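Number of protein chains: 4
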Amino acid sequence: MFSEIKEECGIFGIYNNMESDVAGKVYHGIYALQHRGQESCGIVVNDMGLFTQHRDLGLVPEVFTKESIEKLGRGNMAVGHVMNNSGKPDSASVQPTLIKHVKGQMALSYNGCLVNAMELKRQYELGGAIFHNSTDAEVIAYAITEQRLNSKSIEEAVLKAMYNLRGAYCLLVMSPRKLIAVRDPDGLKPLCMGKCADGSIVFASESCALDIIDAKLIRDLLPGEVVVAGDSGITSIKEHCGEKSSMCVFEFVYFARPDSVLEGTTVQTARKKAGEILAAEHPVEADVVIGVPDSGLDAAIGYAEKSGIPYAIGFIKNRYVGRTFIQPSQSEREHSVKIKLNVIREVVAGKRVVLVDDSVVRGTTSIPVVNLLREAGASQVHMRISSPPYMHPCYF
Amino acid sequence: MFSEIKEECGIFGIYNNMESDVAGKVYHGIYALQHRGQESCGIVVNDMGLFTQHRDLGLVPEVFTKESIEKLGRGNMAVGHVMNNSGKPDSASVQPTLIKHVKGQMALSYNGCLVNAMELKRQYELGGAIFHNSTDAEVIAYAITEQRLNSKSIEEAVLKAMYNLRGAYCLLVMSPRKLIAVRDPDGLKPLCMGKCADGSIVFASESCALDIIDAKLIRDLLPGEVVVAGDSGITSIKEHCGEKSSMCVFEFVYFARPDSVLEGTTVQTARKKAGEILAAEHPVEADVVIGVPDSGLDAAIGYAEKSGIPYAIGFIKNRYVGRTFIQPSQSEREHSVKIKLNVIREVVAGKRVVLVDDSVVRGTTSIPVVNLLREAGASQVHMRISSPPYMHPCYF
Amino acid sequence: MFSEIKEECGIFGIYNNMESDVAGKVYHGIYALQHRGQESCGIVVNDMGLFTQHRDLGLVPEVFTKESIEKLGRGNMAVGHVMNNSGKPDSASVQPTLIKHVKGQMALSYNGCLVNAMELKRQYELGGAIFHNSTDAEVIAYAITEQRLNSKSIEEAVLKAMYNLRGAYCLLVMSPRKLIAVRDPDGLKPLCMGKCADGSIVFASESCALDIIDAKLIRDLLPGEVVVAGDSGITSIKEHCGEKSSMCVFEFVYFARPDSVLEGTTVQTARKKAGEILAAEHPVEADVVIGVPDSGLDAAIGYAEKSGIPYAIGFIKNRYVGRTFIQPSQSEREHSVKIKLNVIREVVAGKRVVLVDDSVVRGTTSIPVVNLLREAGASQVHMRISSPPYMHPCYF
Amino acid sequence: MFSEIKEECGIFGIYNNMESDVAGKVYHGIYALQHRGQESCGIVVNDMGLFTQHRDLGLVPEVFTKESIEKLGRGNMAVGHVMNNSGKPDSASVQPTLIKHVKGQMALSYNGCLVNAMELKRQYELGGAIFHNSTDAEVIAYAITEQRLNSKSIEEAVLKAMYNLRGAYCLLVMSPRKLIAVRDPDGLKPLCMGKCADGSIVFASESCALDIIDAKLIRDLLPGEVVVAGDSGITSIKEHCGEKSSMCVFEFVYFARPDSVLEGTTVQTARKKAGEILAAEHPVEADVVIGVPDSGLDAAIGYAEKSGIPYAIGFIKNRYVGRTFIQPSQSEREHSVKIKLNVIREVVAGKRVVLVDDSVVRGTTSIPVVNLLREAGASQVHMRISSPPYMHPCYF
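Protein chains in written order, with the working numbering: chain A, 1 to 396; chain B, 1 to 396; chain C, 1 to 396; chain D, 1 to 396.
Where hints are given, some of them may not hold.
Since the list gives no way to pick one copy over another, a pair counts as held whenever it fits inside one copy or between any two copies.
What the hints assert, rightly or not - DSSO-like, lysine-lysine: derived pairs with alpha carbons at most 30 Å apart:
no., residue 1, residue 2
1, Lys71, Lys340
2, Lys71, Lys121
3, Lys317, Lys238
4, Lys100, Lys340
5, Lys273, Lys178
None of these hints come from the bench; they were simulated from the model. Values in this document were obtained by computation on a predicted structure and should not be read as measured data.
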C-alpha cells in the first residue's frame with residue numbers, strides 16, 4: 001500500500017556508437033521508473049569520454065527541466081537513476097555516482113542491497129580510503145577500482161570485483177568507452193535489456209522504461225550475467241552465472257509497475273495469480289472483495305475470480321496527494337490516511353468485506369484502513385495479504 | 001480521459017459562531033476537491049469581520065504551506081476555491097475574489113458558466129465600472145454590489161442579483177458577518193451542505209470534501225436555493241426554487257470524484273450504470289472490455305457486466321506525470337501519450353477490444369489511445385463513449 | 001540610512017510608433033530604478049492595443065527572467081513599475097494596475113501619495129464601485145473612468161480627473177493607442193522625459209533610468225504638466241501648470257540615486273551641498289567626519305570640505321545583506337545592525353567624530369549606529385542630520 | 001573591480017567545550033566573509049562526535065534559512081565555508097568537505113591553491129583512491145588519511161601531511177573531538193584567531209568575521225603554525241614555522257574586506273597607502289581623481305591626498321545587480337557594464353581624470369569603464385592600477 005519499504009532504486013542506461021540525444025532517452029526512461037524511487041534522481045552523459053552530470057533531490061520532472069537536459073548535451077552513452085533513501089534524502093548520496101579513479105572517470109547506477117557492505121568499507125578504510133556518503137555504490141566503486149590496476153579491461157575488473165560482493169545488486173558501470181550491465185548471481189533484482197530502432201542498446205530495471213522510448217524488450221539479464229556494450233559490439237559474459245533466479249518477491253507484489261514484464265510474465269498477471277492462490281489457501285465467506293490501491297487491486301481481482309465473491313472498487317485515492325502534504329494543526333493528524341483514501345460507502349455498508357493488500361511490512365497503516373471500512377459500515381472485514389513480508393531479501 | 005474541458009472549479013466554505021482553525025478545514029476541503037481544478041487555489045479567512053487571504057497559481061499542496069496556513073490564522077468562517085482556467089492561468093483571476101464595496105468587504109467563491117456575463121459586463125462598464133480580470137466572479141460581485149445599496153441585507157442583495165444572472169452558477173458569498181451559499185435555479189452545478197461534530201456548517205461542491213473533515217452530508221442544495229449562515233442560525237430561502245434539477249451530465253461522467261454523492265447517488269454507481277446502458281444500446285461482439293483511466297474505468301466495468309464480455313485492466317497510468325513534463329527534443333513529441341499511458345500487451349494482443357471512455361469532447365486524444373492498442377496487437381478496437389458531449393451546458 | 005520610509009515607487013514608460021523590444025527597455029529602466037522600490041515590480045506591454053502583463057512580488061531580477069521577458073513579447077509601448085509597500089507586500093496591489101473599462105484596457109503606473117484617496121474611494125463605492133486592493137492607483141483608475149464617458153479622448157478624461165485629485169502623484173496612463181505622462185500640479189514627485197536614438201520617447205522617475213538605455217534626458221516634466229505620446233506625435237498640455245515646484249526634499253536626501261539629475265542638479269551635488277550648509281549652520285570641533293552609508297556619504301564629504309575637518313570612510317557595509325536575513329537565535333538579535341555595518345576602528349578610536357546621516361525619520365536605528373562608534377573607541381560622537389524629516393509631504 | 005579572479009574562499013570555525021548554538025555563530029561568520037565567495041557555502045556542526053551538514057550552491061542567505069540552521073542543531077564545534085569556483089559552480093565540490101575515514105568522520109574547510117595537487121592526486125589514484133570532485137580539499141583529505149594510521153593523533157597526521165603539501169593553504173580540520181587550524185608555511189593566505197566572551201575559540205579568514213559575533217581578535221596565525229583546540233585546551237605547534245610571511249598581495253588589494261585587520265594593518269589603510277605610493281611613482285597632471293567601486297575607492301583617496309588633485313565620487317553602482325541579471329536581447333549586451341555602473345557627468349565632463357583601479361587581471365573590463373568616462377565628456381583619462389597582477393601566487 002503506502003510506501004513502507006523505501007530503499008529502492010531504478011536504473012537505466014543507453015549505449016550507441018554514434019552521438020545522439022541520449023539524455024532525452026534516459027530522462028524518459030527514469031520517468032517511467034519513477035515508481036521505484038521518488039526522493040532523488042540523476043543522469044550522467046558520456047560524450048566520447050567527456051562526462052557531464054545533473055543530479056538532485058526531487059522527482060524527475062522537478063530535477064530535470066528543458067534547460068538542464070540541454071546542458072547535459074548529446075553523447076554516445078548515458079546512465080540514469082531514481083532512488084528512495086529510507087526517507088532521509090541526502091544530497092551527497094544522489095546517484096549515478098560519478099568518480100575519477102586511476103584509469104579515468106566512471107559512473108555507477110546501482111540498485112540493490114549489499115550484504116557485506118560494512119565489512120568491505122572497513123577493509124578499504126584500513127587501506128586509506130575515504131568515503132563521501134553511505135551508499136553501497138561507493139563501496140562497489142572501490143571494489144572495482146581495487147581490481148582495475150591488475151586488470152586488462154574495466155569488464156575484467158568488474159568480474160573480479162563481483163567475487164567480493166555479496167547480496168542483491170544490479171549495476172550499470174559507465175567507463176569512458178564502455179557501458180557494462182551487471183546482475184547479481186542470485187538474480188535478486190530485475191534488469192532487462194532492449195534495443196531501439198536506431199540500434200542503441202538499452203538496459204533498465206523494468207521493461208516499462210523500454211516501452212516509453214519504443215525500445216523492444218530483448219530479455220532479462222540472467223542471474224550473474226555481465227553484458228558489455230562497446231566499440232566491438234555487445235558481449236555477454238556468464239562467468240558468474242549458474243544460480244537459479246531468486247527474484248525478490250517484493251518486485252512482483254510491490255515495487256514493479258504492473259505493465260512491466262519480469263522473467264517473461266507481466267507483473268499484473270503475476271499479481272492476479274497471487275490473489276487466486278490466496279483465495280485457494282485462505283478462503284472466507286464474504287459479500288464483496290476490495291483491494292487497497294494501487295498495488296492491491298490486481299490481487300483482489302484474482303481473489304474475486306477464484307472465490308466467486310463479487311469484486312468492487314471500494315476505495316478512491318486522492319491522486320493529488322504528494323510528498324509535501326502538511327498538517328495544519330495537531331488535531332488534524334488522524335486525517336492523514338483519509339486525505340489519501342476515501343471509502344465508497346455503498347460498496348461496503350452492511351457487508352462482509354475481504355480486503356486484499358499486497359504487502360504489510362510493518363502493519364502500521366493497515367489499522368487505519370480497516371477503521372475506514374468499519375466507519376463506513378462494513379459488518380466484517382477480512383484482511384488478506386498477497387505476499388509474505390519475510391521473503392524480502394533485505395530482511396535476511 | 002485527459003483533461004479536455006478545463007473550465008471547472010471547486011468551492012468550499014465553512015461557518016461557525018466561534019473562532020476556530022477554519023483555514024485548516026478549508027485547506028483539507030479544497031485538497032479533496034483538487035480534481036476539479038489544478039491551476040490555482042485560494043483561501044479567505046474571516047475573523048469577526050477581518051479578512052485575510054492567500055491565493056496563488058499552483059496545486060493546493062504547492063500554494064499552501066504550514067506557514068501560509070498559520071498566517072491566515074483562526075476565524076469564524078472561511079471560503080476556499082480551486083480552479084482551472086482553460087490552460088491559461090492568470091494570477092489576476094485567482095479566486096476567492098476578495099473585494100471591498102460600499103458595505104465593507106466581500107469574498108466570492110464561484111463555480112459556473114454565466115451565459116450573460118458579457119452583456120452584464122458591458123452594462124456595468126457603461127456605469128463607470130472597471131474590471132481587473134475576466135472572471136464571471138467579478139461580474140457577479142458587481143451584480144450584488146449594485147443591489148446592496150437598496151437592500152436591507154446582503155442576502156436580499158444576492159436574491160435580487162440572481163434575477164439578473166443566467167446560466168450555471170454555484171456561489172459562496174462571505175460578508176463580514178454571514179456566509180451565503182447559492183445554487184442556480186437550474187441546478188446545473190453541484191453544491192451540498194454538511195455539518196461538523198462541533199456544529200460548524202459546511203458547503204462544498206462535492207461530498208468527498210465533507211468526508212475528509214468528518215462532516216456529515218446533510219443534503220444537496222436545491223436548484224435555486226439560497227442558504228444563509230449567520231448569527232441567527234441557518235436559513236434556507238427558496239425564492240428562486242421551482243425548476244427541476246438539470247445537473248450537468250459532465251459532473252457525473254467527468255468532473256466529480258467517484259466517491260462523491262450527487263443527488264443521492266454515488267458517482268461511481270452512476271458511471272457504472274452509464275456503462276450498462278451503453279452495453280444495452282451499443283452492443284458489439286468482442287473478447288475483452290477495457291476502460292480509459294481514470295474516469296472511464298467504472299463505465300467499462302458496467303459495460304462488461306451487462307454484456308458478459310470479460311473486463312480487464314488494459315492501461316497503466318504513470319502516476320508521477322504532472323503538469324511540468326518537458327519534451328527534450330522535437331522527435332520525442334509523439335511520446336506524450338505514451339508517457340502517461342502504457343498498454344498491457346497480454347490483455348489486448350490478438351483480441352477484439354471494447355474501449356470505453358467517459359467523454360470525447362474534441363476527440364483529439366482518442367486517436368493516439370486507439371493507436372496504442374493497435375500497436376500492442378489488438379485485432380479490433382471498438383470505441384464506446386459513456387456520455388454525449390453535446391449535453392454540456394457550456395456548449396449551448 | 002536603512003529604509004525607514006518605505007512607501008515609494010519608481011515608474012517608467014516608453015512609446016514608439018513602431019513595434020520593438022519595449023519589454024527589454026522597460027526591464028532595464030525599472031532595474032535602474034530598483035532603489036525606489038524592492039518589494040514588487042511589473043511590466044505591461046501594449047502591442048497595437050493588445051496588452052500583456054507580468055507582475056509579481058520580488059526584485060526586478062527575481063520577477064523577470066529571460067523567459068518572462070520573451071513572453072511579454074514586442075510592442076509599440078510599455079509601462080513598468082517598482083514599489084515598496086510599507087513592508088506589507090500584497091500580491092493584489094502589484095502595479096502597473098491593468099484594468100478594463102468602457103473604452104477598453106488601461107494600464108497605470110503611479111508614484112505618489114493622494115491626500116483625498118479615502119474620500120474619493122467612499123464616493124465611488126456609493127456609486128457601486130468595487131475595489132480589489134488598497135492602492136491609490138485603483139482610485140485614480142476610477143477617477144479617469146468616471147470622466148471617460150463624457151470626454152472625447154483619454155487625455156481629456158485625465159485632465160478632468162486631475163481636478164479631483166489632491167496630493168503628490170506622477171502617473172503613466174497607457175491606453176490602447178496612447179501613453180500619457182502626468183506630474184501633479186505641486187511637482188512633489190519627480191518625472192522626466194527623454195528620447196532614444198530610434199526616436200522612442202521615454203518617461204522615468206529619475207534620469208538614471210534613461211542613461212541605462214542610452215536615452216538622452218530632455219527635461220523634467222513641469223509641475224502639472226501632461227504629456228501625450230500618440231500617433232500624432234508628442235503633445236504637452238499645461239492646463240494644470242502654474243504652481244512652483246515643491247519637490248519632496250526626501251527625493252534629494254533619501255530616495256533618488258546620486259547619479260540622477262533632478263530639476264537640473266545632480267542628486268550627489270545636492271547632497272554634498274546639504275552637507276556644506278549643515279557644516280555652516282551646525283559647526284562642531286572634531287577630528288574626523290564620517291557618513292552613514294550609502295546616502296549619508298555625500299553630505300559627509302560636503303561637511304568635511306566646508307568645516308576643514310578631515311573626511312574618512314568609517315563604516316563598511318556588507319553588500320550581500322538582503323531582505324532574507326535570518327536571526328538564528330534570540331540572543332543574536334542585537335547583531336542585526338552589526339551584520340550590515342562594521343566600523344573601521346583605526347578611523348574613529350580615540351577621536352571626536354562627526355557622524356552625518358541623511359534622514360532620521362524615526363531615529364530608532366541611530367542609537368545602534370552611535371553605539372558601534374562608541375564600542376570602537378570614539379571619544380565623542382556628534383550626530384548631524386542633512387534633512388529635516390518633517391518636510392516629507394506624506395507627513396503633512 | 002568586477003570579479004576577475006574567482007577562485008577564492010572564506011573559512012570559519014568555532015570550538016567550545018560545551019554545547020551551544022555554534023551553527024548560528026558560523027552562519028554569521030561566513031555571512032561576513034561572503035565577499036570571499038558567492039557561489040556556494042556550507043556548515044558542518046559537530047555535536048560531541050555527531051556530524052550534521054548543510055551545503056549548497058548559492059549565497060549564505062539563500063542556502064541557509066531559519067529552518068536549515070535549526071536542523072543543524074547545537075554542538076560544541078562547527079566549521080563553515082564560502083567559495084567561488086571559477087564561475088563553474090558544481091554541487092559535488094561544495095565545502096566543507098565531509099568524509100569518513102578509518103578513524104571516523106572529518107570535515108575540512110580549505111582556502112588556498114595547492115601547487116602539487118595533480119601530482120598527489122595521481123599518486124593516491126595509483127593506490128586505489130577514488131575522487132568525487134576536483135577540489136584540493138579532497139586531495140588534502142587523502143594526504144591526512146594516509147598519515148592517520150601511523151599517527152597517534154589527528155594533529156600528528158596533519159603535521160606529517162603538511163610535508164607533502166606545497167603552495168598556499170589555510171585549513172580547518174574538524175575531527176570528532178578536535179578542531180585544528182593550519183596556515184601554510186609561506187603564509188600566502190590569511191587566517192586569524194579570536195575569542196568569544198563565553199570562551200569559545202574562533203578561526204576565520206578575516207577579522208571582520210570575528211567582529212560580527214563580538215569575538216576579540218587575538219592574532220593572525222603564523223606562517224606554518226598549527227593550532228589545535230580540544231579537550232585539553234588550545235595548543236600551538238610551530239614545527240612548520242620559520243618562513244617569513246608572503247601574504248598574497250591580492251588579499252590586500254582585492255579579496256579582503258576593508259574593515260579586516262591583516263598582519264596588524266586595516267586593509268583600508270593598506271589600500272590607501274598603495275594609492276599614495278602610486279601617486280608618488282606614477283604622477284600625472286589632472287583635474288580630478290576617481291576610483292572604480294568598490295575596492296578601488298580607498299586607493300583613489302590615497303592618490304588624491306598624495307598628489308593634491310581633488311578626489312570625487314565619479315561612479316554610482318546599482319547595488320541591486322546580482323548574479324541573475326538577464327540580457328533580454330542581443331542588442332542589449334553592451335549595457336552590461338552600464339547596468340552596474342553609471343558615471344556622474346558633472347564630475348568628469350571636460351576634465352582630465354585619473355581613474356584608479358585595484359586590479360586588472362585580464363584587463364577586459366577596463367575598456368568599457370574608460371569608455372563610460374569618455375562618453376560622459378572626460379577630456380583625458382589616465383588609468384592607474386594599485387597592484388601588479390603578476391604578484392598573485394596562483395600565477396607563478
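Consistency of the hints with the structure:
no.	hint	result
1	Lys71 x Lys340	between (37 Å within a copy, 25 Å between copies)
2	Lys71 x Lys121	between (35 Å within a copy, 28 Å between copies)
3	Lys317 x Lys238	neither (45 Å within a copy, 36 Å between copies)
4	Lys100 x Lys340	neither (44 Å within a copy, 37 Å between copies)
5	Lys273 x Lys178	neither (40 Å within a copy, 57 Å between copies)
The structure fails hints 3, 4 and 5 (numbered hints given earlier, in ascending order).
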